[in-house]
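Protein chains: 2
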Amino acid sequence: MQIKVIRDILEKNDKSAEHVRRLCRERGITLINVLGSPGAGKTSFIQSMLEHLPGKKYVIEGDIASTIDAEKIARMGVNVVQINTGGACHLIADTIYDALQQLTPEAGAIVFIENIGNLVCPSSFDLGESLRVLVSSAAEGDDKPHKYPTTFQTVDLIILSKCDVKDVIGFNDGYYRQGLRMLDLEDKLLEVSFRTGAGEQELADYLTTKLAYIKKGL
Amino acid sequence: MQIKVIRDILEKNDKSAEHVRRLCRERGITLINVLGSPGAGKTSFIQSMLEHLPGKKYVIEGDIASTIDAEKIARMGVNVVQINTGGACHLIADTIYDALQQLTPEAGAIVFIENIGNLVCPSSFDLGESLRVLVSSAAEGDDKPHKYPTTFQTVDLIILSKCDVKDVIGFNDGYYRQGLRMLDLEDKLLEVSFRTGAGEQELADYLTTKLAYIKKGL
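Top line first, the protein sequences correspond to chains A and B.
The first sequence begins at 5 in this note's numbering and counts up by one.
The second sequence begins at 5 in this note's numbering and counts up by one.
What you were told as hints is all true, and nothing was included just to trick you.
Any copy, or any two copies together, can satisfy a pair, since identical chains are not distinguished.
DSBU-like, lysine-lysine: derived pairs with alpha carbons at most 35 Å apart:
no.	residue 1	residue 2
1	16	214
2	219	76
3	192	60
4	214	19
5	192	19
6	220	16
7	76	192
8	60	16
9	220	76
Hints listed in this document are in silico derivations from the structure and should not be mistaken for laboratory results.
This structure is a prediction, so every number in the text was calculated from the model and none was measured.
Working from the sequences, and respecting the hints, build out all of it.
This is the structure in structure tokens:
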């Protein structure tokens, strides 16, 4: 009975995700769902891409509480909608549909969604996105692909952030990459530090190309 | 209907938690539920306390996948049970009851439970513990009490870990403490680095005293 309800919730969400996808297709919007643990660097990633990527950009900010991240985005002069879930551990497609109606992004725009800081739950909920990105912080340690394979396996791109603390933390590159290799995900990895800027331009270039392919429907 | 089911799940869990609590009371066991984000330092905290706290100790390791942490504990010669949830984002009291039957801890022992790495979901699930500890990593940033108040408010002790990376990360102590103060939690904070050992002995001393009070039922 509990399992049936969970299935119902996921099926209902999948339907809403299709509505979001149709809306985005009609309006030529590219939707990017950004996943990651609390403090992995999701906001820093979005802020960096707002600066580096061409074209019009918008942001949907998901948080349990507070408007801290939305304020950071707004200060950059970017249109942003804040979703506070109260206690809920993930965003759902219905809310994204409403947020898009509020944002009314122009044709050809990119809309970033910052999901709730949680390496587990958001991965089960399709938001109708064109691209799903995981921000995985080096500060969390090198064993994360081994311990949270479910989320890693659902994403299109893995950004290893905070690479400048690798030495301090004693991060073992080989072990992290071994975890990715076991999941056949090694070619999805890009390394970056948004604090020092290392790898930032490469990430922007990669994403620009990737998004161009997505827009062409390739 | 969905809300009713979630309430049913929580009520069922609360009943199981009472069974765990009764079992622990009868056998004189102190149960410590350790919460925190992925990579916050939950295992490091437990390993440190296994070394520093007096008396017999056991561990229940919760993970989505893998036995990495349980192996670390076993290498220390400590009895450990691994729970792999598959995909579930938190531990439940029923599973803890079963794990305790398997561990059969001796009278007067401390049993640590390492919950799933998740700063959101585990806080809603009482495991029948005597003490709930949050390991909050400085590497996650100084805004966490502001953004995840729900979990912070349910714990008895907040351990700010990885304090040795504060400078690298640009961690603002005042802002972190302001977040705790708003939740009336500032006196629950202890700072530590399990890598350098700073604050480790103070933490062990604090916990030894606290556990002695709990055992006396104060």
